[in-house]
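Please arrange chains B, C and D on chain A, whose structure you already have, making use of the hints.
Protein chains: 4
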Amino acid sequence: MVVVMAPGATDEEIGRVVERVEGVGGEAFVSKGVVRTIIGLVGDIESFHHLNLRSLPGVADVHRISDPYKLVSRQHHPERSTVWVGPAEKQVPIGPETFTFIAGPCAVETPQQTLEAAEMAKAAGATLLRGGAFKPRTSPYAFQGLGVRGLEILADVREVTGLPVVTEVVDARDVAVVAEHADMLQIGTRNAANFGLLQAVGESGKPVLLKRGMTATIEEWLMAAEYIAQRGNLDVVMCERGIRTFEPATRNTLDISAVPVIQATSHLPVIVDPSHAAGRKDLVVPLSRAAIAVGADGIIVDVHPEPETALCDGPQALLGNDLRALATAVRQLPAAVGRLDASARTRTGRASST
Amino acid sequence: MVVVMAPGATDEEIGRVVERVEGVGGEAFVSKGVVRTIIGLVGDIESFHHLNLRSLPGVADVHRISDPYKLVSRQHHPERSTVWVGPAEKQVPIGPETFTFIAGPCAVETPQQTLEAAEMAKAAGATLLRGGAFKPRTSPYAFQGLGVRGLEILADVREVTGLPVVTEVVDARDVAVVAEHADMLQIGTRNAANFGLLQAVGESGKPVLLKRGMTATIEEWLMAAEYIAQRGNLDVVMCERGIRTFEPATRNTLDISAVPVIQATSHLPVIVDPSHAAGRKDLVVPLSRAAIAVGADGIIVDVHPEPETALCDGPQALLGNDLRALATAVRQLPAAVGRLDASARTRTGRASST
Amino acid sequence: MVVVMAPGATDEEIGRVVERVEGVGGEAFVSKGVVRTIIGLVGDIESFHHLNLRSLPGVADVHRISDPYKLVSRQHHPERSTVWVGPAEKQVPIGPETFTFIAGPCAVETPQQTLEAAEMAKAAGATLLRGGAFKPRTSPYAFQGLGVRGLEILADVREVTGLPVVTEVVDARDVAVVAEHADMLQIGTRNAANFGLLQAVGESGKPVLLKRGMTATIEEWLMAAEYIAQRGNLDVVMCERGIRTFEPATRNTLDISAVPVIQATSHLPVIVDPSHAAGRKDLVVPLSRAAIAVGADGIIVDVHPEPETALCDGPQALLGNDLRALATAVRQLPAAVGRLDASARTRTGRASST
Amino acid sequence: MVVVMAPGATDEEIGRVVERVEGVGGEAFVSKGVVRTIIGLVGDIESFHHLNLRSLPGVADVHRISDPYKLVSRQHHPERSTVWVGPAEKQVPIGPETFTFIAGPCAVETPQQTLEAAEMAKAAGATLLRGGAFKPRTSPYAFQGLGVRGLEILADVREVTGLPVVTEVVDARDVAVVAEHADMLQIGTRNAANFGLLQAVGESGKPVLLKRGMTATIEEWLMAAEYIAQRGNLDVVMCERGIRTFEPATRNTLDISAVPVIQATSHLPVIVDPSHAAGRKDLVVPLSRAAIAVGADGIIVDVHPEPETALCDGPQALLGNDLRALATAVRQLPAAVGRLDASARTRTGRASST
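Residue numbers (full-length UniProt numbering), protein chains in the order written: chain A, 1 to 354; chain B, 1 to 354; chain C, 1 to 354; chain D, 1 to 354.
Don't read these hints as lab results, they were simulated from the structure. As the structure is a computational prediction, the values presented were derived from the model and not from experiment. Accuracy of the hints is not assured; some may be wrong.
Heads up, the list lumps identical chains together, so a pair's fine if it works in one copy or across two of them.
What the hints assert, rightly or not - Distance condition first, Cα-Cα at most 30 Å in a straight line; then the derived DSS-like pairs of lysine-lysine:
(1) Lys206 <-> Lys122
(2) Lys32 <-> Lys281
(3) Lys70 <-> Lys32
(4) Lys90 <-> Lys206
(5) Lys90 <-> Lys122
(6) Lys281 <-> Lys70
(7) Lys281 <-> Lys122
(8) Lys90 <-> Lys32
(9) Lys32 <-> Lys206
(10) Lys32 <-> Lys122
(11) Lys206 <-> Lys70
Just chain A, with the same shape it has in the complex (with noise of 0.2 Å):
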């Protein structure tokens, strides 16, 4: 950390600002300029948070140079992770070699409607199903899912299926069925600041999938991760979803950098969402084919066999010619960034060759 010092404090102040540091083990290096003194502290950074140093007289800023995750950081970690979704004899990786697809429909909706999705999914390529039981709607009066009997209908699809299921929980009382019922949880934008759930997910036992926050910092979003991480699991993936800004052509901006500011920063693996990030079913393939140039390590998108009838953001569902656009780009592009397809890399590390 680094404390900026008002200009004109006196010596006392910054006398105190030293007293304080070095009281709890820390050292301070002082830098005395024309118009102001910076402070340069070196130790232990928990301890001097609670100094609360910026309210001490005379200071006028403190800087925190440190990044404040750790379990998820890439600085003790520097090898990037692979996260493994599914039972133990057909596990489908997320991670730094491979490229996964992942698809479904928004919402459950009948045993049908989802079986339907599954087959278009696997049929244009992907190796793990979504689909939502539990729905967060911005109105009360909006359809909110399916709850349990949703959690069964997954089940079943993925006996039939083999499609491994990732599906979202959001509240921390239903962590327990959820985590029964599917591979892997889905922390959707809306929780991305719920620390219980991020906690319950994170004793949960299962890989989970966090997706940021509508207008978390890349920094706020690897916290929560770090909240997951600290309850001892570290089988998350990041998934970007695009963030609020002004811009009102899109539903939210996709912020395609982010796949390569959190791959620099964390050892996470890291998709992208261009379904929900667009909410226009005409941008879903341009901005999967930017998703896997960008190289992320996979995508999520929307399908539905009827998506006049979705009852959840129809708009943006694929069928059709767009579902073969986008399976000719998961086919093609990711060995043109130097990626296998995820069915192509087992548990044991050996990957085939595709």
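Relative to the frame of chain A, chains B, C and D by itself:
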């Protein structure tokens, strides 16, 4: 609702929209322009939502015209509401005729610190005590609050000072215990879209202080209030506390316009939190003055007997000269904009003279 | 400045930074932490900028500590400035002791409309007349203003009403002709980074009203003022007029906190434009009250005799009851926060009693 | 356009809207709902704008339905345009069939530095040279560019390398001299709403590279292009360069979705500037890959022979391994998304094979 057809939409496509709308009992008025056709829908909005018109071929856009909230809207409830907080014999109003000053420490740390802060608050004119027992913190390594022990301290301090207590609840599982100790439940900015929690406080039987999500639009914020109201609780006070923008000089940007916008749209009272908006002690007094002048129904402010040692948000807590300046503003300025002191009005509805 | 080295930076890399800094006559104080090394720089900031330290191997980040503006900073000019507008015998002050009310039509349309608006403004207590002859419009198909003919109308109306004129200049090539007719030159929000224009008004010899860029940080806005000041013109009045955020209820979000932030940092006066911030007539009076209470040195408001037929921004122009309410606020509220009416102070420095 | 009446609007108020619309030759279709009445307007949009309907009593809102731009819209010009840059015999295309790589130094500093950067750019596959002679800088104390001397250096380097030159113009008074030396005029992000400058380049007879304003919506950006087009110049290339958001990890947030959004709406070519979007060297290659994959018609990138000593934006300039990686991406990836190299297409329209 208004459906805007794409340029070149065919008569068949237009007919399909009309047919669907009529199929759920609505009426559709078609306006054919040179370039575009517009279809005005009349009838039950809810039923139109399920039609997923945006997915139909030839449809370019669907505009919602009326507000999506009902119970909190001023449309069918033109008179502005007053919310009463505290035990029957000494209830404190928050509403259009009075100005209510809420103050206390950001976090409850010790009985001594809480009592001192409460006495500072009371001496400065506060009629409600704020204080956090459960703290949502961005870092899992930061002080998370004293929990139930904190609630007990707040209840003890209420005994001594007579100030009813406002405190935050961060998890639906804690609503019962918080409601048992506190007079008003606060929903923090990070939980503004935690719908399970909103519903739980909606069933708690206690008045709710609903902070604006730091990236919530005013409409989304009112929808959060609608979640609470829909569970039978209309005792909701809205609290503007700054939104996230590109400006780094303040922690958030206080959206002072939100006060008259809410008052034009909703019957709920609305107050301002200048401490968390600015994150800077030197801005609390001017922003409090602005809040009074713009017509807010109250303010909520951090005070702390020793900000230097505060475990949470010390830099923004008031004391000494600043608190005296605030006390003066709270005493004098509301009258200049036609308001009574909150202590001057009683539940019987007769206001004693100030 | 503070240079933060990357974790694992070598002694050689650290030495290279020190060497460069010393090479331009600066001093470098090295603080070695467990993980990171921090280097505090003391000396001439300008010379450090040219070193491009951020590009050196091993450097993670460079933090600027002191403010980048000089002439407009309060650091070496602690007393807040007053800017005087208008001809010598009847100059109007904008500064810390007074509250100045500026009003007039958004655009000059006809002599009749301009005169009527000016008389409305004057009757409501305004001491300066605003009105646009050159209008920057987002669409090339919108009304662009009357140009020089508009300036002549404004000058004629000044003759009749005695109100000095504030008008916008949008092109460096027009500065001379605008300065010839007007008493104060306005730089609009879209030109806040038009550095050639800023320099041109800096050389004009007239006071300048500098609106905040709709996406400018406060620091960037002060740097724009520095551009004007650097050409020898310190008669700059800052005008907060709302920033661009995600909130759609208002055209822009009025950043009311910017007023005390500017006053803490710079000696320049700062006023508020509630009309353009909100874009809604019903918010102008409450936001004007907030501006007075927060400590602004004035406000600038749109009025129009017939808003229904206005060629520009009719929806936000005041008349009738709203204007009367504003006149009352402007007459009464400044005194409640310790200010004189602008008409009560003369250049001699002696303020007559209100 | 659609006029939405307030709840409770009277028949008289509705009649007044209809009357006004019909008064300018339009048609008004009234849809009466239970709560609200909606009026669809058909006819000449321009004439409706002058009616200022939003100011009429009983009117709650006015929604514009069709796009406000005309000449740059794809509506009446469905085929996407190609803009040709450079002298007749060796024109370089920017358009839908090719991928164009533009590179060079942020600022022209010396003949030697400019030539070296140009040769780096050419060796990496660039077919157009960028370089700034007039630099818009936030601080009046920063390097402002070499001006006309810089233009001469660029012209000399064009002689040697054969690369046509793209350079920024920041002041309408400089358009003539810049157009004399350069092959394409760049409008920078800070001048995206400098309408006088837009009109001046519209009359210059040279192709224009129009960077997006850092806080411009896509619609505003297209309106800026319309300003240029309206003066007779349709040779405009749009350049996405990042928008201002709350995320601090990158200097701006690259809005990659803007590329397909522009292509769906306008016939103009659109390219991406990953260097200024990110402000970080390590993100330039992944973001360039994303730009190619999303379907951009080109990229513009900073290169510098010695970033450590660059007078402007050194931290983002590429060299060495990064530049080689970029050259590989530019050579290989466009073909994977169906594009030719820009050098493979000539003005005659016949594309030679790659």
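Verification of the hints:
Taking the shortest alpha-carbon separations for lysine 206 and lysine 122, only the intra-copy value of 23 Å comes in at or below 30 Å, while the best inter-copy value is 49 Å. Within a single copy, lysine 32 and lysine 281 get their C-alpha atoms only as close as 58 Å, which misses the 30 Å cut-off; across copies the closest is 26 Å, which meets it. With identical chains, the CA atoms of lysine 70 and lysine 32 are at most 30 Å apart between copies only, with a shortest distance of 20 Å across copies and 32 Å within one. Proximity of lysine 90 and lysine 206 under a CA criterion of 30 Å is satisfied intra-copy only: 15 Å inside one chain copy versus 50 Å between copies.
Taking the shortest Cα distances, lysine 90 and lysine 122 sit within 30 Å of each other inside one copy (15 Å), while across copies they are farther apart (49 Å). In this assembly of identical chains, the alpha carbons of lysine 281 and lysine 70 lie at most 30 Å apart only when taken from different copies (25 Å versus 38 Å within one copy). Taking identical chains as interchangeable, the C-alpha atoms of lysine 281 and lysine 122 lie at most 30 Å apart only when both belong to the same chain, with a minimum of 19 Å there against 38 Å between chains. In this assembly of identical chains, the alpha carbons of lysine 90 and lysine 32 never lie at most 30 Å apart, being 62 Å within a copy and 49 Å across copies at closest.
Taking CA atoms no more than 30 Å apart as the test, lysine 32 paired with lysine 206 passes in neither setting, with 52 Å inside one copy and 41 Å between copies. Proximity of lysine 32 and lysine 122 under a CA criterion of 30 Å is satisfied in neither setting, with 65 Å inside one chain copy and 43 Å between copies. In the homo-oligomer, the alpha carbons of lysine 206 and lysine 70 lie at most 30 Å apart inside one protomer (21 Å), although the nearest pairing across protomers, at 40 Å, exceeds that limit.
In summary, the structure is inconsistent with hints 8, 9 and 10 from the numbered list given earlier, while agreeing with the others.
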